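Protein chains in written order, with our numbering: chain A, 5 to 343; chain B, 5 to 343; chain C, 5 to 343; chain D, 5 to 343; chain E, 5 to 343.
Don't read these hints as lab results, they were simulated from the structure.
Please note that the accuracy of each hint is not assured.
Pulled from the structure, derived: some chain A residues nowhere near chain D, Cβ distances all over 12 Å [what the hints assert, rightly or not]: (1) ARG55; (2) TYR135; (3) THR157; (4) ASP210; (5) VAL243; (6) TYR276; (7) LEU323; (8) LEU333.
Some residues of chain C that are not near chain B, with every Cβ distance over 10 Å (derived) [said to hold, decoys possible]: (9) LEU25; (10) TYR33; (11) PRO81; (12) ARG130; (13) GLY165; (14) TRP191; (15) THR245; (16) GLU310; (17) ASP339.
Label-pair ranges, simulated between beta-carbon atoms [said to hold, decoys possible]: (18) C:ASN201 <-> B:GLU163: 37 to 45 Å; (19) A:ASN201 <-> E:LYS173: 52 to 60 Å; (20) D:ARG220 <-> A:ASP176: 30 to 38 Å; (21) C:ARG220 <-> A:TRP313: 22 to 30 Å; (22) D:VAL53 <-> C:THR265: 23 to 31 Å.
Values in this document were obtained by computation on a predicted structure and should not be read as measured data.
Every residue, glycine too, gets a C-beta built ideally from N, C-alpha and C.
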Amino acid sequence: MTVTYSSKVANATFFGFHRLLLKWRGSIYKLLYREFIVFAVLYTAISLVYRLLLTGAQKRYFEKLSIYCDRYAEQIPVTFVLGFYVTLVVNRWWNQFVNLPWPDRLMFLISSSVHGSDQHGRLLRRTLMRYVNLTSLLIFRSVSTAVYKRFPTIDHVVEAGFMTADERKLFDHLKSPHLKYWVPFIWFGNLATKARNEGRIRDSVDLQSLMTEMNRYRSWCSLLFGYDWVGIPLVYTQVVTLAVYTFFFACLIGRQFLDPTKGYAGHDLDLYIPVFTLLQFFFYAGWLKVAEQLINPFGEDDDDFETNWCIDRNLQVSLLAVDEMHMSLPKMKKDIYWD
Amino acid sequence: MTVTYSSKVANATFFGFHRLLLKWRGSIYKLLYREFIVFAVLYTAISLVYRLLLTGAQKRYFEKLSIYCDRYAEQIPVTFVLGFYVTLVVNRWWNQFVNLPWPDRLMFLISSSVHGSDQHGRLLRRTLMRYVNLTSLLIFRSVSTAVYKRFPTIDHVVEAGFMTADERKLFDHLKSPHLKYWVPFIWFGNLATKARNEGRIRDSVDLQSLMTEMNRYRSWCSLLFGYDWVGIPLVYTQVVTLAVYTFFFACLIGRQFLDPTKGYAGHDLDLYIPVFTLLQFFFYAGWLKVAEQLINPFGEDDDDFETNWCIDRNLQVSLLAVDEMHMSLPKMKKDIYWD
Amino acid sequence: MTVTYSSKVANATFFGFHRLLLKWRGSIYKLLYREFIVFAVLYTAISLVYRLLLTGAQKRYFEKLSIYCDRYAEQIPVTFVLGFYVTLVVNRWWNQFVNLPWPDRLMFLISSSVHGSDQHGRLLRRTLMRYVNLTSLLIFRSVSTAVYKRFPTIDHVVEAGFMTADERKLFDHLKSPHLKYWVPFIWFGNLATKARNEGRIRDSVDLQSLMTEMNRYRSWCSLLFGYDWVGIPLVYTQVVTLAVYTFFFACLIGRQFLDPTKGYAGHDLDLYIPVFTLLQFFFYAGWLKVAEQLINPFGEDDDDFETNWCIDRNLQVSLLAVDEMHMSLPKMKKDIYWD
Amino acid sequence: MTVTYSSKVANATFFGFHRLLLKWRGSIYKLLYREFIVFAVLYTAISLVYRLLLTGAQKRYFEKLSIYCDRYAEQIPVTFVLGFYVTLVVNRWWNQFVNLPWPDRLMFLISSSVHGSDQHGRLLRRTLMRYVNLTSLLIFRSVSTAVYKRFPTIDHVVEAGFMTADERKLFDHLKSPHLKYWVPFIWFGNLATKARNEGRIRDSVDLQSLMTEMNRYRSWCSLLFGYDWVGIPLVYTQVVTLAVYTFFFACLIGRQFLDPTKGYAGHDLDLYIPVFTLLQFFFYAGWLKVAEQLINPFGEDDDDFETNWCIDRNLQVSLLAVDEMHMSLPKMKKDIYWD
Amino acid sequence: MTVTYSSKVANATFFGFHRLLLKWRGSIYKLLYREFIVFAVLYTAISLVYRLLLTGAQKRYFEKLSIYCDRYAEQIPVTFVLGFYVTLVVNRWWNQFVNLPWPDRLMFLISSSVHGSDQHGRLLRRTLMRYVNLTSLLIFRSVSTAVYKRFPTIDHVVEAGFMTADERKLFDHLKSPHLKYWVPFIWFGNLATKARNEGRIRDSVDLQSLMTEMNRYRSWCSLLFGYDWVGIPLVYTQVVTLAVYTFFFACLIGRQFLDPTKGYAGHDLDLYIPVFTLLQFFFYAGWLKVAEQLINPFGEDDDDFETNWCIDRNLQVSLLAVDEMHMSLPKMKKDIYWD
């Protein structure tokens, strides 16, 4: 379920964003608390070893090691790399959202261009609409783990009413080593052409208008598929992850409070709890979590797209629009500004 | 109300932008003065405690703490994170502006393609236009708090003349668990098809031209809805907010003027008022406020889009264009460059 | 007048860009010399006060203040903020250029699709073309100070031949509290429809082609208007300006040459003229000037768009194209590569 | 073969990305292990020379050199340059993916607009489709080394069935010093026009619809060609490579562990293995490898596009769609939500 | 001539990019060797003066000056400014490439939509095609120095066969103070309309399809012109150039090796040759050269677009396509996958 908080930030108010810091669902805390605990435990363990177990000489050695780690921790350009990487991930994520296939444009056209209120007309419009929904369902099955869980086999697709048994037979019968999600669109084109031959679609202008819209729908589908198929190169993700993990590894040792009496620069205070390092952990690990959440928005994270909901909405709404609402019109009345 | 200052910066002049620093509406001062007061009060309080209440040993401890905080304040990459985040927010904000639905393209087409100056023709054009305005109103109600306040129920929509009582009945009658803002567009398509059958719209070319334009309008509407529905992931906003707040928290302690006689590096001057820290506060908090203002541009901030004005303008202008101005033409006369 | 220098940089040559450093029109020197003088005078004044007027203790205090200022000057992230801000401004500026309305696409269509070489045909084409030019003129009047100066009232528009007296009467007669720049497009649509009814435009395909092109022109117009109406949020501009001004204010004190005999770190040389600080001034203030120049490209800066020239060019060329050149064709002859 | 890992990151989980660190195919380790070994060997060699071979004075000199190198290594802005460069490369790479030519849009149109189930009709559709596939194959041969290896001569293209012997003769017969990949599209246009004259394509609307789609396909092809022809300027790539190589060269000397007893700042610990430098190597060299992999996505890297697979898929699917599936339709039945 | 190296980087291999470092054409060495020599000579001169000519006191003063320069050299944010600027330049350069006008889309349409294999038909198609090529030639003459050198007057255009003598007379005869590159497009429109009236173009759908494509071609032409006319603001280029030049000026003095015996921090080694400074020179100056090369891609640099080649290719190919190949079709045969 997408976490919507825009109504909470409609106006810029006094410390406007602080309210967002207190949310749990989809929040940085929910995403990070496990990693945070691990980090804190490790930090504490090392701290205890240093304070209680090590002998004097070992302590001296550890202190040098800590300073060495701290110096390099600052050289790791985590911010910069995360900035570029997250920008890339966020752009891809948004493009995927913008390319979610919605059948609305097609349903307006089908409702107004495919004529006939008799049963054959209704069947025609419903079937066309169903083919459209079927295609996006087939795509979503490849792309989204949530949808795949719901429709693990084509049987489930048939059962859910997206495909009839006849269609399934024809579909299975096609010999092709490649994905067949485009098949319902061929049916769509054939059916529309047939409808035109029967005069249900009036002329080529109406027909091509439908075909153009269908192709637009197909492009959305195939773009979603493309985003899933060709992700951000693994190397890039590994580079970023390595940078962040290395940074925190270096922090575990390098940000220990060293014995203030030894007079190391910047180590004249022992706070026991490394407040700023923990905040940095939240900060950088949170930024990386943004990427983890968005890199595949078709999972089951709090912030992922609700594809199963989309599938239901699209079928329900589009059948309603082309069947029940076909040619239904409220009585035209003069509006209140007439004259 | 949008704050327009472009005429003030038409020419690059002597210290051209300094004039902008003296504006109040929509300015950084108006947005930040409360936070600024809180920050200043806290800073002063801590300063007074340090100077007056603490004992010698406590002072020494505080001084160490202050230096520790200062060191980490500089490590928090506020600038960088804000730069990437604000760029993202500004892009989204501008895309939302560009996708505000304006009925102008449709009204030109309706005025020129839906024929008949008799009452039925007028009714037809006005009704088509009204459906267009109704859809965007329904979207604006979901998206904008200002519009929602003005039209809290569908009753208000009917009263304002965007919907007739008949239409409302039909609208309410539709059984769907999903949002129904697309319904007027189905009516639009049906009505246009009817008009074509009656010969009021001459042929499929004219009709499809209308339908294409209507679909473009719908895409604007649904994109606005999408921007509202799927915001910038909460985690990202939290990360940025945390970074800025942490920075200022660290500054409250770390930027205190320490006793110059103790000879801490960089602390040989006691100015009482931390001019540059306060400027930094304005600077970073102001940058964050840019994001707060723009993250939802449909609120009631000084810089938010005037959606209620848009709604009124669109209805007034579009009815004027398709009714009163339909086929009205000034007498053609030779222009002054003729021959 | 736009400053065009692309022919000067056609080839990458020995120190290729140095030639650009010697230009005056549109240059950094012309834009900045006043601010530079102010900065230099203030710097000199402070320098003289420090060297000549202050007593020993005051000098010591000033030296501490100077070091304090210098330290913070380096913390102000001017580069970064300017980088993001100027990128934003440059993108907006270029989009405005790309969306300048040119009537060329429309004039080709009108010339080839609106038939009849008799006086009525000529009048038809010229009038259609004039409506197009009139709309952009109305928009430019709102957007550009230069155009507004030239056409302060609608009377001037009529006098310049963009509008006839009849049209003006009709235009003024329309009751609307909103801007009316879209009115000529309604006339355009009505006139085109009339022409089609008269058979001057052959069919709906030609007509819709014209209407589509007209709507594209309208989108350019309204986008320009949008850029003017909804600028970069004032807060953002203020934040950037504050950052740059603060930086220079800090430099005025912090970059003074302190008495080398006192042995302050980095102050063992007294050059009297702070070469690098002055270069930094040119550098940062110049970058800000880029923004100042481009934030509203419709003013009268050296680098602003020549809107008045556009208006004249568009009217002259488009009337020429649809009238004198209508159906004019050079005799077809075999080209020299025939066979 | 593209490395797809999106299903592994569908949900943001506990240390979500760490699993990615353990993959081999397409991973940073596979890409970098050779460079890493070279770097490690050189580092060790220098280390051994310093520790075992150098005399005391030589050691002192080396130590100074090492500190000098280290100081400059930190000044080389590798992160920043890599950030900008990789962003550029990634954008180009993705645009190339988005512009891969898929014949699906065309095959829907051909299947539904080119009529006739007789042999001539089948031949017509198959030939049209083949021309489309032939063009993209000709482009892929110029662009992709993998495809070129598979089809080193036009003979191979003929053998693989993309071209008939007759077509080849006509193709070879054309005198032109320029690339001829556009020739099949001329045939496509001619054949479509012929089909229209024969009534197999019903009217100009259907025909132009086909032509528009064909032109879109051509644009994809020519854009791919453009990306191959005009790469990122060599200078840019050299600048980035130089920066990274220089950095590692400086690290080889500058990151040696110097004798702790000499008391050089930051050199009071001898770990023998420079953990962080090696991590930095992985990090920066990995980032550069991202660019190396993506700068030409038509090679045979693990992450390159599978063009040969595309070619086969496109031919197989598109012939299937326009021939076997032409006008094939499942029997229309009421769906389960009927009434 | 564009420098194409994509085939060299098809696969990411062992030190994949190092091969690119050894190229000469279009390389950083070819572009920079002159500047590099100047820089090296100046550095050496200053070094010799310091080592041999200066007296003790002068040396001390120079050493202070050098340290002062070095400190400020590091403050000049060359990397950042270059990063933003080069990104801007690269984007503009690529957009110009993408908008190079190619007549292929038009030639497919003309070949298939303008009928008649007789001499008049051939003349018609060739003339239409010639007008298209003529327009882009006129644009290229304004934009590209290389093309302007080849066609310094309209006479050369006529001689090269792009324009007939009659057309030239008509062209010159037109009275307009503005550029007349759009004139051939008016002729195109008129000729196409005439062809339609004669029945050579079948209907409005075909005609408008041609006109739309022509307008697309015109947009490419005018966009190229726009990029040439309105460049990156001079101030921006000056700011960047100033920053880079200042940096190198500061380096000339600040990066001298000072007498190690004086014990200045970071100056305990005299290498005579400032390896890293020279590498930095290559690095930053090379980055600036990227901008110099790309800011006007229509010159005669190694990496500039080959406009003269384009002009020849376009004319040759487009005449071939619409004349010799009009309605030429290979005999349709069953492909090898039939059944």
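*Check each numbered hint from earlier against the structure, then list the numbers of those it violates in ascending order.*
Violated hints (numbers, rising): 2, 4, 5, 7, 11, 12, 13, 14, 15, 21 and 22; every other hint is consistent with the structure.
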